[in-house]
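Keeping the supplied structure of chain C fixed, place chain Z upon it in accordance with the hints.
Listed below are the residues making up each chain.
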Amino acid sequence: MELYQNIENIAFTITFVVYIAASILFLIYVAGITKRVERFAIIATIVGFVFHSGAMIARSIGAGRLPFSNQYEFALSFGWGIVLSFLILHRIYKFSAIGAFVMPLGILVMGYASLQSRAVRPLMPALQSHWLTFHVGTAILSYGAFALACGIAVIYLIDSKRSGDRRILKDPEISDVLSYRVIVFGILMLSIVIISGAIWAQKAWSRYWAWDPKETWSLITWIIYAVHLHLRLRRNWRGKAAAWFAILGFVSVLFTFVGVNILLPSIHSYAT
Amino acid sequence: MNRTVSRIVHTIASLRVAIVILLLLAIYIVIGTLIPQHSAPEWYRETYPNIAPIILALSLDSSYSSPLFMVLVSLFALNLGSCSLLSLKGQMKQARHDYFPPFSSSESQIESVSLADIETYCRKGHFSIVRGAEPEKFKAGKFRWGVFGATITHIGLLVLFVGGLIGNMMATEQVVSMLPGNEVSFAEEGFVIRLDDFYMTFEEGGAVKQYVSEVTLLNDDGSEREETLWVNRPLAHNGVKFYQASFGWTGNLQIVDRETEEVVVDGLLRSGRTYFHQPSHLTVYLYGYYPEMAIGHDQQPLSLSNRERNPYYAVILYEFGNPIGSYIIEPGDPIIHENLSITFTHSVAYTGLLVRTDPSYPIVLTGFIIILLGMFMSFYCYPRFISFSGGTVVTASRKNGWVFANSVRTALQRIANNRTREE
Chain C
0 MELYQNIENI AFTITFVVYI AASILFLIYV AGITKRVERF AIIATIVGFV FHSGAMIARS
60 IGAGRLPFSN QYEFALSFGW GIVLSFLILH RIYKFSAIGA FVMPLGILVM GYASLQSRAV
120 RPLMPALQSH WLTFHVGTAI LSYGAFALAC GIAVIYLIDS KRSGDRRILK DPEISDVLSY
180 RVIVFGILML SIVIISGAIW AQKAWSRYWA WDPKETWSLI TWIIYAVHLH LRLRRNWRGK
240 AAAWFAILGF VSVLFTFVGV NILLPSIHSY AT
Chain Z
0 MNRTVSRIVH TIASLRVAIV ILLLLAIYIV IGTLIPQHSA PEWYRETYPN IAPIILALSL
60 DSSYSSPLFM VLVSLFALNL GSCSLLSLKG QMKQARHDYF PPFSSSESQI ESVSLADIET
120 YCRKGHFSIV RGAEPEKFKA GKFRWGVFGA TITHIGLLVL FVGGLIGNMM ATEQVVSMLP
180 GNEVSFAEEG FVIRLDDFYM TFEEGGAVKQ YVSEVTLLND DGSEREETLW VNRPLAHNGV
240 KFYQASFGWT GNLQIVDRET EEVVVDGLLR SGRTYFHQPS HLTVYLYGYY PEMAIGHDQQ
300 PLSLSNRERN PYYAVILYEF GNPIGSYIIE PGDPIIHENL SITFTHSVAY TGLLVRTDPS
360 YPIVLTGFII ILLGMFMSFY CYPRFISFSG GTVVTASRKN GWVFANSVRT ALQRIANNRT
420 REE
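Here the protein sequences line up with chains C and Z, keeping their order. Heads up: the first sequence begins at 0 in numbering that gives the first Met the number 0, then just goes up one per residue. Heads up: the second sequence begins at 0 in numbering that gives the first Met the number 0, then just goes up one per residue.
Same shape as in the complex, but just chain Z:
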């Protein structure tokens, strides 16, 4: 029974399984980049009539959260974990100061080396020397702890997987649109965020240089914190992070009764939205706002930039649901409809803040650091060994053997040359 279990564990931990899973993961990920993600099922049925059933059955429309993907990642994590555990014992043995590998390679032999020279090399290179009974024979090793490099990298990957899993389960995300003066409450976290101002700065050519939101955080304990956030400068408060994510325009809609001169409507209407004026069954649709309007090749209005240099509104009116007119008007220009005067007086930009809570990020960051540390150890601090006997040096290193032997040969040559010069 134990032998069977051991065989299964060794199979799971084997390199062959690791390579197969990694290649399957790579292929799966490639497929995920080729199939557009998160579209409606109908879209897949129309676009890929032949393979849509497979896409939907395997959840390839959301490849990176599909059960198949989770199984592959879990198998890979299992493989990594068991491989690391199984190889740890051997690595511990190899890290001991008296461990030496077999020195057999004829290619890594360096002849006619004096004891003094090789001792100088070992001392300068911080090798730890282990001598036997004969003083002219010794072995030396360096970077023995580098043997843990691969395991540390694997642990880093496992930490990353744990972080990803926690993120998948616990992270929350929403976008809030706010006009200056708007407040959004975060009751559980004990604060309210208020937008004080939102504006854009521009490059010379009109491209947006930066989107800036000035906010005040009003804590339940009465304290306040004023902050400014922009793209690449998120704001963290009580475990919630705010990101400058988007923006949009609103136009200030004013409807005046021409007979009484009474302002019956005065409020902000978002570009692309409608306002229904019930008394006259009139719908005002703000089709678009063009801060720097021009007419495109297709004779449609477009905006050259978001600078308010030549502002126009495109408006469509409906009565009882039927279109009765479309207009391109400047701010303040009235549209007269029966006894009503409809005007967009000015525009106000609103900010779109992405609000995210994700407790996994510190874990993921730790995983990143461990991976880099492990890789560096593995690639550049790999164990190196030297055996010296009867004027012959033999080098040994599982990784980079040729390079190590070459570097020892070059260094010994240099030491010998220096010694000759001094003599």
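For reference, chain C alone in the conformation it holds in the complex:
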């Protein structure tokens, strides 16, 4: 147990440091100081991701379950989801510059994780369910995708003030399209999160929907992205307003994750 905790702690620290290094390299790349750092930034991200995965595996072995059940564990997994989303998008489209805006979000979430208690606690009865893996697993993917969309939206806002070669992504259309693809994936995953949560709540607490602050705020996030998609698809609503909406959506995600726990009494209190 202690051995795994030590491995987890070391892997966590290395991950944190390497992600910071990757972010700095991405920023150097985006600032146009030298383009040669691009490769190193990606390699650093991959190395950090490997250590991040290592920390999660060590935690899983040490606790005897996936790291999905309290604020520290979810933040650890959330950060992992953000970096995973970025690496997948990079593998498909090769837009390294996005890293400069997404990796800091990963660091932010990891920083929050580092402030939380890392004590391994046994699962309380309500959490002892296979739905935990599915519910939280899809939440990680969903939140990771929304973080990515937020990063892309910031790029769009910066690019909209620049022209030609000074733009981070050559064509603002690309960031708009990427943002759409990522948000579409995120909202589909969020729907699965809410639905799996409802099915699970029906089994554990007897009601599929109880207007608990956590579930209510996840619904608010869902509504924000649903409005965003409708305006985009039906009204061809793009550009700055759409980008600000993507950022607002991510603020709602962060509030659902952190704000609700701090400010609103919730039946999801185990997530503290």
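Hints should not be assumed to be uniformly reliable.
Claimed, not checked - Here are the simulated DSS-like pairs of lysine-lysine, each with C-alpha atoms no more than 25 Å apart in a straight line:
no., chain 1, residue 1, chain 2, residue 2
1, C, 213, C, 169
2, Z, 208, Z, 398
3, C, 202, Z, 208
4, C, 202, C, 213
5, Z, 88, Z, 123
6, C, 93, C, 169
7, Z, 398, C, 169
8, Z, 240, C, 202
9, C, 93, Z, 92
10, Z, 92, Z, 398
11, C, 93, C, 160
12, C, 239, Z, 398
These are calculated hints, taken from the structure and not from any lab test.
Here is chain Z on its own, set in the frame of chain C:
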């Protein structure tokens, strides 16, 4: 007249109205999470003296069943329903195999493509090809049925609303506390539930691992069914669902007449409850039971866990309503009061089962499945079209146009490379 009606219907079904209602709903829901729900009116008057009248007038103390909320949800349902109906005709037209959108975008043009390559692409990608008079010109489409994705999602939401409404009107819920041996009858459903045993299992550190109730269901026809339920494992029987919801402690109170040595009282008293012994006007108040007692920083007793490792009872005695003494006693320790010996011999835990009937759940579940299906269709099976003429491919897709054009370009490049290699 018809034109007026049509205008009203189109307004109700419009996206603008949908967005306004959705945003109003979001704002309303946010307010609902900020105002504590289901407290007494006095509490709101004390806590929010300035806005309490508004909270109470708008029923914001029970936000999610208030008339205002119902109106918003009904308007949204009306908007969804009418929008889906109105757009269905156009979607049916778009789903036909000979429908093609205008191919106008210059950005989605791919030049210098051979007929063989684009045919290979369409065949591998399962596009249905529609040819005209000239064999070297054709159009192709895929996932035309994906156009129904949004409507299916909307139908799923409507099913969900119907389910929610039925649940609100017909669901019943109550909590029954049962000690081992207790029975509760469900006459209408034709059975009796008996608790055979209730126990907790513990983690190493003392935290409760699981609460377990073993029950027998005694049907009116004489048949029996033994079941075990715990948190996350509810039990369904004849349309009634039982959930492991809570638990509590009772102490076995024994009062003995010291002169005659007769046991005058022998029964279970719940923690936090009182027993009034009429002959001597004595009230026994079991203030608390501490299975693993410790003294907290405030010098008050507390229990480290629910394991019975160091059990103590906190008891207060009243005579004629006046407190006459408070005691912390171990099981079996007597409190002597005049000719009475008052003892708590042992403890028994009772289970709290939440009993719920809700005919809406299958409807809600169906709504969930339809929503996910619709969203998947809408996002990943959206209609894609290709036009080929004179070596030029033009792609068209309302959603994801850039991504589709890019994927066609990449695939054609790959096909051309493979062909060159083979040649």
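| query | Of the hints stated earlier, which fail here? | reply | Hints 1, 2, 5 and 9 not satisfied by this model.
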